[in-house]
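In case you want the letters, here they are:
Number of protein chains: 2
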Amino acid sequence: MSLSERQERILEFIRAYSEEHGFPPTIREIGSAVGISSTSVVKYNLERLEKKGKLERREDISRGIRLTEEQPTGRRASASADLRAIPKLGRISAGEPIPAAGQQDSPFGDDVLTLTEDLVPTGADLYALQVQGDSMIDALVYDGDWVIVRYQNTAQPRDMIVAWIKDREETTLKYYYPEGDMVRLQPANPAYQPIPVPADQLEIQGKVVAVFRRLAN
Amino acid sequence: MSLSERQERILEFIRAYSEEHGFPPTIREIGSAVGISSTSVVKYNLERLEKKGKLERREDISRGIRLTEEQPTGRRASASADLRAIPKLGRISAGEPIPAAGQQDSPFGDDVLTLTEDLVPTGADLYALQVQGDSMIDALVYDGDWVIVRYQNTAQPRDMIVAWIKDREETTLKYYYPEGDMVRLQPANPAYQPIPVPADQLEIQGKVVAVFRRLAN
DNA sequence: TATTGTAGCGAACATGTGTTCGTTTGTCAA
DNA sequence: TTGACAAACGAACACATGTTCGCTACAATA
Chain A
1 MSLSERQERI LEFIRAYSEE HGFPPTIREI GSAVGISSTS VVKYNLERLE
51 KKGKLERRED ISRGIRLTEE QPTGRRASAS ADLRAIPKLG RISAGEPIPA
101 AGQQDSPFGD DVLTLTEDLV PTGADLYALQ VQGDSMIDAL VYDGDWVIVR
151 YQNTAQPRDM IVAWIKDREE TTLKYYYPEG DMVRLQPANP AYQPIPVPAD
201 QLEIQGKVVA VFRRLAN
Chain B
1001 MSLSERQERI LEFIRAYSEE HGFPPTIREI GSAVGISSTS VVKYNLERLE
1051 KKGKLERRED ISRGIRLTEE QPTGRRASAS ADLRAIPKLG RISAGEPIPA
1101 AGQQDSPFGD DVLTLTEDLV PTGADLYALQ VQGDSMIDAL VYDGDWVIVR
1151 YQNTAQPRDM IVAWIKDREE TTLKYYYPEG DMVRLQPANP AYQPIPVPAD
1201 QLEIQGKVVA VFRRLAN
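Chains A and B, in that order, give the protein sequences.
Under our numbering, read the first sequence as residues 1 to 217, first letter to last.
Under our numbering, read the second sequence as residues 1001 to 1217, first letter to last.
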């Protein structure tokens, strides 16, 4: 299943040519670059390469060649990783309310946090907030951290949620402990007191699904 | 010098099509996608776009279109974000030594953690380790977290480092406190004792520059 | 020895695809 | 009103480019 020397060169040429021009080469261009006089031989080799999974072709389409994702090159993540652009919606602790789900269609300004799909729940409606203050320090979240939040209106007990307290008009990051018709918002820092809130004064804005922290250099 | 609505759509289509297929569309494909019946009109608009510096064309070459580098679009994290593929080198706590810098050229398996350039120090030689155990819990790092580490052989006091303890043949994540010809490896959890190590028995493997935690769903 | 499969060649063919050209419509300034 | 120009249309046209086909040359097998 290994490649002949010629096939290696073909692959390499396609790669270089695409890089340089922004579009793939024709069969004839490949031929003359690799030293094949007959277009049919190039086609033959392309078919082999396709079978070996090195590239994909679209029949009858000029320059219809696409290289399959290259792992080996390594380190430089191929520009193709599936990305999620997560809008940065500001800071959290004492804050303005967060726009409702969906509302954040076009977060103007390029303020997005981009993560690969595999790092966050798929298909979810996400946003990012930068943490202010240390009230969640025991939950391993500290001032400056970014929390990735999934929009949802409900939560399970012990979830770390973004809560909007209506009468106080503020948003906060806390653990969620429903207790009858009250909800206890529990900080994760013993230095802070739990906040009891009437259930009807609380609006769950989402649940923290990931945390990212950049340390000083 | 602004673009007509049609031209915007043409650009966007070329971008999307190229992304999807790996090669640019033909004039006719552009036409039918944007609602232009005549190939000459597409050509006309492509010429305009070329004059405005939005793309480059190669005459007489099928699909000879290349989009000019896009700055302004910004926000579009999609294909344009600069990515860093950070090799996952395993777990840390009791572990094998970490291969020396550069040695990790081809991290087999697609085990890389991909982050955008702006989230990590630029140009640095990075790797990722998954934390095992809770000895760094006070440093807001817990079991399961991923730490992004920059290769370096030295460290400043109080840095969170990855240390290889020669005589114990193990790797560990600790705070670094040099004290004369000894080094105190300080866990960030009071439940654990600091580890004193002779300076010559310690090899600094890198410094933690970022932390990523994915919470349970 | 006959057979099969891989590689390669070159000519012919059939589309794929960009370009040219004659026209039309509408706006703006002379 | 007339002329210049941007935008658009559609039909030809002409070359760009992938595919097919008949043939060799070899090596491995049956």
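Errors might be hidden in some of the hints.
[To be verified] Below, simulated DSS-like cross-link-like pairs (lysine-lysine); rule was C-alpha separation at most 30 Å, straight line:
hint, chain 1, residue 1, chain 2, residue 2
1, B, 1166, B, 1088
2, B, 1043, A, 88
3, B, 1054, A, 88
4, A, 88, A, 166
5, A, 54, B, 1088
6, B, 1088, A, 52
7, A, 43, A, 54
8, B, 1043, B, 1054
Just so you know, these hints were derived from the structure itself, not from any lab.
Quick caveat, the model's predicted, so the values are computed rather than measured.
Status of the hints after comparison with the structure:
no.	hint	in the structure
1	1166/B to 1088/B	22 Å, holds
2	1043/B to 88/A	40 Å, violated
3	1054/B to 88/A	29 Å, holds
4	88/A to 166/A	22 Å, holds
5	54/A to 1088/B	25 Å, holds
6	1088/B to 52/A	27 Å, holds
7	43/A to 54/A	14 Å, holds
8	1043/B to 1054/B	14 Å, holds
Consistency with the previously given hints fails for number 2 only.
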